[in-house]
Amino acid sequence: MTQRSKLAAVDRRDLLIGGSAVAAVAIMAAGSGRAIAQEKPADKPATFQETMDKILGGKKAEEAKINIELPEIAENGNTVPYTVTVDSPMSDADYVKTLHVLSSGNPGPNIATYHFTPMSGQAFASSRMRLAKTQDIYAIAELSNGNFLVGKRGVKVTIGGCGG
Amino acid sequence: MSTKPRIKLPSPIKAGDVIEVKTLISHVMETGFRKGSDGNLVPRNIIHTFTASFGGKEVTKVDLSSGVSANPYIAFKFKVPGPGDLELTWVDDGGNKIVEKVPVAVS
Chain A
1 MTQRSKLAAV DRRDLLIGGS AVAAVAIMAA GSGRAIAQEK PADKPATFQE TMDKILGGKK
61 AEEAKINIEL PEIAENGNTV PYTVTVDSPM SDADYVKTLH VLSSGNPGPN IATYHFTPMS
121 GQAFASSRMR LAKTQDIYAI AELSNGNFLV GKRGVKVTIG GCGG
Chain B
1001 MSTKPRIKLP SPIKAGDVIE VKTLISHVME TGFRKGSDGN LVPRNIIHTF TASFGGKEVT
1061 KVDLSSGVSA NPYIAFKFKV PGPGDLELTW VDDGGNKIVE KVPVAVS
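Here the protein sequences come in this chain order: A and B. Residue 49 in my numbering sits at position 49 of the first sequence; the count goes up by one each step and never skips. Every number in my numbering is 1000 more than the matching position in the second sequence, counting from 1.
Quick caveat, the hints were computed from the structure, so don't treat them as lab data. Owing to the predicted nature of the structure, the values given are computational and were not obtained by experimental measurement. By construction, the Cβ of each residue, glycine as well, lies at the ideal position given by its N, Cα and C atoms. Keep in mind that a hint or two might mislead.
[Stated by the list, open to error] In silico DSSO-like pairs for lysine-lysine, Cα to Cα no more than 30 angstroms straight-line:
{"#": "1", "chain 1": "A", "residue 1": "Lys-133", "chain 2": "B", "residue 2": "Lys-1022"}
{"#": "2", "chain 1": "B", "residue 1": "Lys-1004", "chain 2": "B", "residue 2": "Lys-1097"}
{"#": "3", "chain 1": "A", "residue 1": "Lys-97", "chain 2": "B", "residue 2": "Lys-1057"}
{"#": "4", "chain 1": "A", "residue 1": "Lys-97", "chain 2": "B", "residue 2": "Lys-1097"}
{"#": "5", "chain 1": "B", "residue 1": "Lys-1008", "chain 2": "A", "residue 2": "Lys-97"}
{"#": "6", "chain 1": "A", "residue 1": "Lys-54", "chain 2": "A", "residue 2": "Lys-97"}
{"#": "7", "chain 1": "B", "residue 1": "Lys-1014", "chain 2": "B", "residue 2": "Lys-1061"}
[As the list claims (entries may be wrong)] Partner residues aside, some chain B positions facing chain A, computed with beta carbon under 8 angstroms:
{"#": "8", "residue": "Lys-1077"}
{"#": "9", "residue": "Phe-1078"}
{"#": "10", "residue": "Lys-1079"}
Based on the sequences and whatever the hints tell you, model everything.
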């Protein structure tokens, strides 16, 4: 009999904890976007906007010279083929140093970062990525002279590929 | 990280050509966002770095993240200065490292 009442007490406590958790979530959801960002645990990956700002470091990126090849509709988000090329002479004086491929709708914004050298011959990146949902893919190129180029391409995803 | 990666070069190659090198390696590329059957997160295990170098000089380095599909396919371009060995390296979170040397014959 005592055993039973103990169990009942635990149940009540669980109910209380559960209730307060629901309330906390409701408060977070009601708060502004900024408030939610502050509540975020430190080990969460940076958001897309944070990552983009960090790469650019306050500089403006020119929307040019980047070509992103992607399927218009990706049926399987687990493997979406892509090819990114940047129009550049790739000479010792003028080449694409770094190319960031970013996702705006995945749990983590980074997909891959390519570091080129003049030996690469062409700023070219081709691989397969995971996409969680329909979103825009961004490519940011950092040139050897310190300037940035940016390209954007939308992709529709039928089945997300992040395990859920 | 046990099976041999597949590497494909075009042929024939002339000095000064910009060639496309295609690589494919088998790896789970576990994202770290997925929950296992016990309800806990499966720890991240991905190939985080891929490097291609020729004659000791880096050609291309790629930092990969969870957003790269399993069994990553990576293609890159390479301006062939002459004959030599192309050295490709894959490193994963478990510290496993696979190094492949591909001779580049120039005709």
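Practice item. Verify the proposed pairing of A/Lys-133 with B/Lys-1022, using a straight-line Cα cut of 30 angstroms. Key: Satisfied, since the Cα-Cα distance of roughly 27 angstroms is no more than 30 angstroms.
Point to revise | Pairwise hint evaluation, B/Lys-1061 against B/Lys-1014, where the allowed Cα distance is 30 angstroms at most | key: 24 angstroms, holds
Review point. Has the given pair, B/Lys-1008 with A/Lys-97, been kept, meaning a C-alpha gap of at most 30 angstroms?
Key: Holds - the C-alpha atoms of A/Lys-97 and B/Lys-1008 are around 25 angstroms apart, at most 30 angstroms.
Review point. Is the Cα-Cα distance between A/Lys-54 and A/Lys-97 30 angstroms or less?
Key: 16 angstroms, holds
Review point. CA of B/Lys-1004 to CA of B/Lys-1097, is that 30 angstroms or under?
Key: 12 angstroms, holds
Practice item. Identify whether the interface hint at B/Phe-1078 stands, where standing means a beta carbon of chain A within less than 8 angstroms of its own. Key: Holds. Min distance 6 angstroms.
Practice item. May I ask you to test the interface hint for B/Lys-1077 with respect to chain A, counting a Cβ-Cβ separation under 8 angstroms as satisfied? Key: Status holds, d = 4 angstroms.
Practice item. Would you settle whether the hint for B/Lys-1079 is holds or violated, based on the nearest Cβ-Cβ distance to chain A being less than 8 angstroms? Key: 3 angstroms, holds
Check your understanding: Is A/Lys-97 close enough to B/Lys-1097, meaning Cα to Cα at most 30 angstroms?
Key -> 25 angstroms, holds
Point to revise | Distance restraint between A/Lys-97 and B/Lys-1057, which requires alpha-carbon spacing of 30 angstroms or less | key: Between A/Lys-97 and B/Lys-1057 the Cα gap is close to 15 angstroms, so the pair holds against 30 angstroms.
Every hint from the earlier list agrees with this structure, and none is contradicted.
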